[in-house]
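Protein chains in written order, with our numbering: chain C, -15 to 206; chain A, 2 to 241; chain W, 32 to 451.
One or more hints might be untrue.
Keeping only pairs whose Cα atoms sit at most 20 Å apart, straight-line, the calculated SDA-like set for lysine to any residue is [unchecked claim]:
#	chain 1	residue 1	chain 2	residue 2
1	C	K12	A	K138
2	C	K132	C	E103
3	W	K380	C	M86
4	C	K84	C	K12
Short, incomplete list of chain A residues facing chain C, as computed with Cβ under 8 Å [said to hold, decoys possible]:
#	residue
5	Q112
6	V120
7	H127
8	M133
9	L134
10	P136
11	L146
12	E149
13	G207
Listed next, the stretches of chain C that the computed footprint assigns to chain W, with coverage defined by at least 3 CB atoms under 8 Å from CB atoms of chain W [claimed, not checked]:
#	segment
14	82 to 88
15	97 to 110
16	130 to 143
Read the hints as simulated data drawn from the structure, not as lab findings. We put the CB at the ideal spot given by N, CA and C, even for glycine.
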Amino acid sequence: MTRSLKRIAAILCLLLPLAGCVSFTLAKGGESIDLGEGVTVRPPSDWNRLSLGKYEYWTLDGLRLQNILFVKGAEDGEAIVYRRRTTEDEEKDTFPKYRKGMTLLEIRELLESTWARQEFHRVRVTRFGPASLGGSSGFEIAFAYDTKDGLEMRGLAAGAVVGGKLYLAIYSGTRIHFFERGEKDFRAIIESYRLAPGQSARARLPAPGASVGRPATIAARR
Amino acid sequence: MDGRGRIPGPAGAILAVAALLVLGACQTTAHHTRAKLPPEPEKRRIVLLPPDVELSILHAGGGNEINAEWTRLARQNLSANLAERFGRINARLVERKASAADFGEDAKEVQLLKLHEAVGASILIHQNQGSMLLPTKEGKFDWSLGPEARYLKRKYGADYALFVFMRDSYASSGRVAAMIFAAALGVGIRGGVQLGFSSLVDIETGEVVWFNHLARASGDLRTPEGAAETIDVLLASFPK
Amino acid sequence: MIRAARYSAALLSACLAGGCAGDDTSYYNRALEKNGEVVSQNRESGAESTPFPYDLADLSPAHRPDPKSDEAGIWYHMEKVERRIKTAGERYRNREVNAYLASVACRVTGSYCKDVRIYVIRAAGMNASMAPNGMMSIRTGLLLRARNEAQLAAVIGHEAGHYLRQHSLQRLRDVIDKTNSLVFFNFILAAAGIPVAGDLAVLAALGDIQAYGRNHEREADGYGLLLMSRAGYDPEEAWKIWDLTLREMKATKDYEDRSQFLASHPEPEERMAVLRKLAKSVKTDKTTDIGRERLREIVAPIRAELIRDELNARRFDAFEVLLDQLIADGDNLAELYYFKGEMRRLRAKDDDLEKALAFYAKAAQAPGTPPPGLKRSAGLVQYKLGRIDAAKESFAAYLKDNPQAPDAGIVRHLLKRPAK
Chain C
-15 MTRSLKRIAA ILCLLLPLAG CVSFTLAKGG ESIDLGEGVT VRPPSDWNRL SLGKYEYWTL
45 DGLRLQNILF VKGAEDGEAI VYRRRTTEDE EKDTFPKYRK GMTLLEIREL LESTWARQEF
105 HRVRVTRFGP ASLGGSSGFE IAFAYDTKDG LEMRGLAAGA VVGGKLYLAI YSGTRIHFFE
165 RGEKDFRAII ESYRLAPGQS ARARLPAPGA SVGRPATIAA RR
Chain A
2 MDGRGRIPGP AGAILAVAAL LVLGACQTTA HHTRAKLPPE PEKRRIVLLP PDVELSILHA
62 GGGNEINAEW TRLARQNLSA NLAERFGRIN ARLVERKASA ADFGEDAKEV QLLKLHEAVG
122 ASILIHQNQG SMLLPTKEGK FDWSLGPEAR YLKRKYGADY ALFVFMRDSY ASSGRVAAMI
182 FAAALGVGIR GGVQLGFSSL VDIETGEVVW FNHLARASGD LRTPEGAAET IDVLLASFPK
Chain W
32 MIRAARYSAA LLSACLAGGC AGDDTSYYNR ALEKNGEVVS QNRESGAEST PFPYDLADLS
92 PAHRPDPKSD EAGIWYHMEK VERRIKTAGE RYRNREVNAY LASVACRVTG SYCKDVRIYV
152 IRAAGMNASM APNGMMSIRT GLLLRARNEA QLAAVIGHEA GHYLRQHSLQ RLRDVIDKTN
212 SLVFFNFILA AAGIPVAGDL AVLAALGDIQ AYGRNHEREA DGYGLLLMSR AGYDPEEAWK
272 IWDLTLREMK ATKDYEDRSQ FLASHPEPEE RMAVLRKLAK SVKTDKTTDI GRERLREIVA
332 PIRAELIRDE LNARRFDAFE VLLDQLIADG DNLAELYYFK GEMRRLRAKD DDLEKALAFY
392 AKAAQAPGTP PPGLKRSAGL VQYKLGRIDA AKESFAAYLK DNPQAPDAGI VRHLLKRPAK
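Please take these sequences and the hints and turn them into a complete structure.
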């Protein structure tokens, strides 16, 4: 089996459960949506949800056009994308993993190397700074990339480490039209993002005396 | 393929799942938001973006390849048929000669073409039967390339852009696929397989005003008559 | 139906490569012995260098197949692929690099220069492939592994050898079978939102699979030597690039990779030995160009990002072999020691973190210019080792040198952690 076919087969097998058993459900605009793992958000308008346990995809028009990936608490040794457990050693060894104790600088590296591994090309980070997510101190990152096919994309992400676990919300969409279509909603979703009290209590609060000023929230940016 | 015609291994799984994902029980499914084009002739100009068409054949000597001559013929037949058809509904096919975009030099057009492909794929997967339906699009057909599509309007002096994508096979590789499609469709297929989609985009607004996809076991693009028949099917319920 | 079965078997079988004729090392000499003449020179005697009597008339320049022919279909298919490659995401658009590689390829392919088009693909690993319509793809990883322009020419000449001997056509029929199905179903895969779909899978197929038999590889090696010598390059450089590849392969624990490569290529040791021997017989006093400086100049400004690509592949042991070779070459040692440190920081096993710090310190003292992230990486490691004061110092130094860095905000945030 050639490597390309093998890869395609692996990815297709990955999607098999989606094709057969999983479908999109409606996330109603204006309502508080419980994503599980303690995460709730409130989208301003209707979105389509595809939940895969700890990972969840939202889209308006289709995953290839724009999507939000929610990572709800990746633990030490876990990757930040949904993958079916595979026996291929190659996959195991080379997919970047989140490690407990990672600083935000390393989390940025984790994102970039995951994107490289997913064959995002010409990845450019245009903004990377401290921000808060769900009341916890974290980061926000703005980026752009090309798909393998050369379709230009834009992205926006927010994340935080809470209780040793990594929470992410990564939005990306085509530079032409589809990124814009969901951008406002994404910012509102980030502002509405809440982690259940149980999780927050274990949050790593900023140390006494540590001040970053008022952390910028994504919602505040235009 | 073993004696019983089953394809072993992951390749078989790919084909099976692919078939299940895209092909419903129907052979064609047309969507449109507009049954009619505007009445004014100067608003009925249609540019045909590079049709992505491929015809392939298995020779007796073994080995499958794209047949360049047939593909060339198919494209010719397609263009001729469309010009004539549009003439009948008083629309005009705008000629698009080889463009800088074909050589990757018109970056804007290239991006729009790639975007359209992604939109077409999304329509196929999300708008038809199957488990990938999007609840927010239930009962609606709401797809657009966005206002940047206006670039094509300026470039070609047209009001609409027609995209055609076709894969057509007449022999064994098609039979290989067809065996799987047959299983998915519950149909016995002997000949080749024809697979394609076509969309009409209002390049003032970017809106996809008409979309059709085609998957069937017959059809022959190599002759003018065959092309006419295929286009009849592909362009079913095309706006008048 | 037997044909169909065989075609399908070829499509699905794990072994697309593998020549049928068995292993035959005389294939190396084929290039040299065309028309019954073996080219030999006597350098010591200062004899007049003879023009090479080999005959490359198998494929005349500007060859265009008859549209009705079987070959035309393949050509058409490759043209479609090429159109996609032009605007593909993974294409490396750096003008200088593209122009440079095109000029080297032109020199190597001589009268076939106009037939050949180079596409540079941004990817780790050393890979080049050539399609029967003259489209050549070269991975940026090759630029790190060629020690000089002559070695680059050897690889390009090797690929051109496949093209000139129409190995591609012979094998590509099988590859097209498979990729035609890929392209055929690419449309469906695309609909399913599978990201790897696209005609690039075709070129990936061509590159990864090395869809030539071992004898074809040997023949291409021979032609590579001839072409590079004809262009004035020193043929004694050719075997060296295989030496590095072999050392990298030996360091890697990925057995599957290794065996897949060996299924379609002769053992690197064999190639090295034969290339060394044959080089002596084609070398003349006119074939002395090595071109170390020219390559070095092209690579220097982009080397850090290429090394980062290799590091991201996370094959740490092979990576170290490559890095050590670059260190032996001696260019911009500060940058290289920085990456020695980065590798350990990312691997983070046993005493890697301590070793990383040592390398960062070495980089700070070494000749050359380290990348701007040196102090930041040092600070990060110190932070992880609990040496908060040292970390703060490193971060402060980083901020001083890079006040406008995109991550300055985050680094300042880290600076404010309390001292332990």
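Do the hints match the structure? See the list:
1. K12(C) <-> K138(A): holds, 13 Å
2. K132(C) <-> E103(C): holds, 6 Å
3. K380(W) <-> M86(C): holds, 15 Å
4. K84(C) <-> K12(C): It is violated: about 34 Å lies between the C-alpha atoms, which goes past 20 Å.
5. Q112: holds, 6 Å
6. V120: holds, 7 Å
7. H127: It holds, given that the least Cβ distance between H127(A) and chain C is near 5 Å, below 8 Å.
8. M133: It holds, given that the least Cβ distance between M133(A) and chain C is near 7 Å, below 8 Å.
9. L134: holds, 7 Å
10. P136: For P136(A), the interface hint holds, since the closest Cβ of chain C sits about 4 Å away, which is under 8 Å.
11. L146: holds, 6 Å
12. E149: holds, 5 Å
13. G207: It holds, given that the least Cβ distance between G207(A) and chain C is near 7 Å, below 8 Å.
14. 82 to 88: holds (count 4)
15. 97 to 110: Result for this restraint: holds, n = 10.
16. 130 to 143: Held - the segment 130 to 143 of chain C has 6 residues with a Cβ nearer than 8 Å to chain W, which meets the minimum of three.
Figure legend: structure checked against the earlier numbered hints; the only hint not met is number 4.
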